Each structure stands twice: as structure tokens, then as C-alpha cells.
Amino acid sequence: MSTEHSPKLLYLSRGDIAAVGGAHSELYVQALRDGLIAHAEGRTVQPLKPYLRAAGEGGHIADRIIAMPAHVGEPGLSGIKWIGSKHDNPTRRGLERASALIVLNDPSSNYPVAVLEGSLISAWRTAGVTCLAARHLARQGFTDVALVGCGLIGRTQVEALLQQFGHIEVAHLYDQRPEAAHALAERITREHPAVKARVADSAEDAVRAGDLVVPCTVTSEPYIPLAWIKRGALVCNVSIMDVHKDVFLGADKVVVDDWEQSNREKKIINQLVLEGAFSREQLHAELGEVLAGTRPGRENDDEIILLNPMGMAVEDIACAGAVYERARSQGVGTWLDLY
Numbered sequence: 053m054s055t056e057h058s059p060k061l062l063y064l065s066r067g068d069i070a071a072v073g074g075a076h077s078e079l080y081v082q083a084l085r086d087g088l089i090a091h092a093e094g095r096t097v098q099p100l101k102p103y104l105r106a107a108g109e110g111g112h113i114a115d116r117i118i119a120m121p122a123h124v125g126e127p128g129l130s131g132i133k134w135i136g137s138k139h140d141n142p143t144r145r146g147l148e149r150a151s152a153l154i155v156l157n158d159p160s161s162n163y164p165v166a167v168l169e170g171s172l173i174s175a176w177r178t179a180g181v182t183c184l185a186a187r188h189l190a191r192q193g194f195t196d197v198a199l200v201g202c203g204l205i206g207r208t209q210v211e212a213l214l215q216q217f218g219h220i221e222v223a224h225l226y227d228q229r230p231e232a233a234h235a236l237a238e239r240i241t242r243e244h245p246a247v248k249a250r251v252a253d254s255a256e257d258a259v260r261a262g263d264l265v266v267p268c269t270v271t272s273e274p275y276i277p278l279a280w281i282k283r284g285a286l287v288c289n290v291s292i293m294d295v296h297k298d299v300f301l302g303a304d305k306v307v308v309d310d311w312e313q314s315n316r317e318k319k320i321i322n323q324l325v326l327e328g329a330f331s332r333e334q335l336h337a338e339l340g341e342v343l344a345g346t347r348p349g350r351e352n353d354d355e356i357i358l359l360n361p362m363g364m365a366v367e368d369i370a371c372a373g374a375v376y377e378r379a380r381s382q383g384v385g386t387w388l389d390l391y
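Those letters in the sequence shown? Residues 53 to 391, per the working numbering, in order.
These are computed hints drawn from the structure, not numbers from a lab. Remember, predicted model here, so these are calculated numbers, not experimental data. Cβ coordinates follow ideal geometry from the N, Cα and C atoms, glycine included. Certain hints may be false.
[As the list claims (entries may be wrong)] Below, computed lysine to aspartate or glutamate pairings styled on EDC-like, alpha-carbon distance capped at 20 angstroms:
{"no.": "1", "residue 1": "K248", "residue 2": "E273"}
{"no.": "2", "residue 1": "K60", "residue 2": "E78"}
{"no.": "3", "residue 1": "K305", "residue 2": "E333"}
{"no.": "4", "residue 1": "K297", "residue 2": "E355"}
{"no.": "5", "residue 1": "K318", "residue 2": "E109"}
{"no.": "6", "residue 1": "K282", "residue 2": "E231"}
{"no.": "7", "residue 1": "K305", "residue 2": "E231"}
{"no.": "8", "residue 1": "K297", "residue 2": "E341"}
{"no.": "9", "residue 1": "K282", "residue 2": "D196"}
{"no.": "10", "residue 1": "K282", "residue 2": "E327"}
[Stated by the list, open to error] Derived DEER-like restraints, expressed as beta-carbon distance ranges:
{"no.": "11", "residue 1": "G328", "residue 2": "L153", "range": "37 to 45 angstroms"}
{"no.": "12", "residue 1": "R380", "residue 2": "D354", "range": "24 to 32 angstroms"}
{"no.": "13", "residue 1": "A106", "residue 2": "E256", "range": "33 to 41 angstroms"}
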């Protein structure tokens, strides 16, 4: 542990994080519930996250580095996620699209106490948000999940949902690279033999079949219209730009993780606000309000509900804090001298 004269910090690699349960949904679902309720109750501090786009406005929408600072809890932890993304990393460099570090600070001194590999936490916390939303916003006993985009984020989404909801019967999978969809289908069949994994012919084919629809792409142009979405479906718009404006305007309920974070960067919801077609008053709730019970979740089986989760630093710091506490208690990780 650190002392006043020889401060140390704990470094946790991806392997360390996995070793304490950071590659399974349960840790994240619990930490996220607490973090999102704290956010709804005003017990967090979260500045708007800045986007660093070295290529300027002409670059790909997924090419950026984002700084995501937050403080969670009382006294809690402060921290920041620094996450970079390049859309062509997999094809040009043989790397995952996104990479990240999370730094945690002790709020009593503001000294750093931990540095964590962040992309594993980022993927699983994103999936954990979908799982929490599905508990409260999906039709009870839903059986069919539609996934568009079968990369790392999509694979993690499906795995988390299958861990959390034993009643899922079919996963409808689509990717512009058919080999990615087939590879995920084979993995699901191998690891979850009770679940049917079907490779869809198109995004429309997958979406129309879904009780729970989860787009996980790097698109910059919407392609999912309201007409594709069946009554009673929940759409967890993970990659933000996938659904057309008419889904926001035609859904029975629109839920976000944080209004201020969602209404920016010219994302679809921000475009609608600038056009005067949508407003904070038309929003049903922030997800933390639903989890805290101050706003209702799903109220009937016929509702179409859209969750638009921009992704919040509060979520990352809450989850990283849970990983850090587990690692400390289990003696996992590498202590580094700060000086």
C-alpha cells in the first residue's frame, strides 16, 4: 500500500482484470446499478467528455480519443478513462479497434492509486448497461436477441445477455463481414448449446426478428427505420448512430444514460434537438432514474422502447473501482512506485 512518503499505485493488466472476474457480466451489473443510481441521485460529478479528433471534422466518426473523467460515491473514487479508437485498426494493423487506460485517484489526496487496462472494462460495462436496461425495459421473458455487428463489443453484448437471461432462445446475428457472424454463431453454439444462433441475411432480417435489438457497429449513417422494429421490442442503440430519427420520434419511450452527454456531438438525438423535433421534456427518463424507481420502466408488452446509451465516465469509474477493490483483496496486480 502507499504511504505519505513513498506513494505507489496498482497496475492491472487485462489478464489481471479477468482473473478477478472482470471478464464476466456479474461484477459489472452490480457496480453499474450502484453507479447509475448514484448518478440519478446527484452523488456523482461528471464533466462533459471532450473528443480529440486529430484528423479534424473530415475524419471517420470512430477515429478519436475521448477523455472521460468522473467522481463516484461518498467518499468514493475519482478517475478518468482515456480511450482511443481507429476504425481501421483491425484491418490495417491487426489490432482491436479501441484501446484504453483507466486511472483511479484517491479523492482524499487526489493521488493516483491505480492504472487499469481499460478496453476490457469498457466492453463489459457497455454490455452491463444493456443487461440492466433489459431487466427493466425489455418485455418479460423475451426470447429473441438481434445483434448487428459481431466484433468485440457485439460479442461481449451477446455473452453478457446469455449469462444474465437464461430464457433467451435465439440470437439473430448480422455483420457486413459474414465470417464474423459465422464465427460468433459457432461460438454461441459451442458455449450455449441450448441457444440457436442464426446468421441473418441482412441487418433488416436480424432487426425484424428481435425482441431485444442491439446494434454494435461503427456506422456514421443511420440504417434502422422504425418500420423494422416490431411492437414490444427494446432497442439498445449501443453504437449510437444506427437508428433513424423516426425511431426516436415514434418510440413509446426514449431513455438515455445521461441527457447532457447524449445531446451533443451531432449524434441523432442532438440533431433532433437542434431541429426542434425533440427535447428533454420528451425524454422518458435517464436509466438511473428507472433503476432507482423514480421513473417507470416498461409498462406493457406492446411498447417500443429505445435506449440511447452514450456511455458515461461514471459507469467506467464505478466498474473500475469494483475491479480495483477485488484485485487489492485478492493480491492481484503489480505495485509500481510513483516516484
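Here's how the hints hold up against the structure:
Proposed proximity of K248 and E273 is contradicted: the alpha carbons are some 30 angstroms apart, above 20 angstroms. Annotation: proposed proximity of K60 to E78 is violated, straight-line Cα distance about 29 angstroms (limit 20 angstroms). In summary, the hint linking K305 to E333 is supported, as the alpha carbons are separated by about 12 angstroms, within the 20 angstroms threshold. A hinted pair counts as satisfied when its Cα atoms are at most 20 angstroms apart, and K297 with E355 qualifies at roughly 18 angstroms.
Distance restraint check for K318 and E109: the Cα-Cα separation of roughly 12 angstroms lies within the 20 angstroms cut-off, and the hinted pair is therefore satisfied. Only pairs whose Cα atoms come within 20 angstroms are accepted, and K282 paired with E231 is rejected, the gap being roughly 27 angstroms. A C-alpha spacing of about 35 angstroms is found between K305 and E231, which places the hinted pair above 20 angstroms, so the restraint is violated. With a C-alpha separation of about 24 angstroms, the suggested pair K297 and E341 falls outside the 20 angstroms cut-off, and the hint is violated.
For a cut-off of 20 angstroms, the pair hint linking K282 to D196 stands: about 12 angstroms separates their Cα positions. Among the hinted pairs, K282 with E327 is inconsistent with the structure: their alpha-carbon atoms are about 27 angstroms apart, more than 20 angstroms. A hinted range of 37 to 45 angstroms holds for the C-beta pair G328 and L153, which are about 40 angstroms apart. Taken as a hint, the range 24 to 32 angstroms is violated for the pair R380 and D354, whose Cβ atoms sit roughly 48 angstroms apart.
Between A106 and E256 the beta carbon distance is about 35 angstroms. The supplied range of 33 to 41 angstroms therefore holds.
Hint violations for this structure: numbers 1, 2, 6, 7, 8, 10, 12, all remaining hints satisfied.
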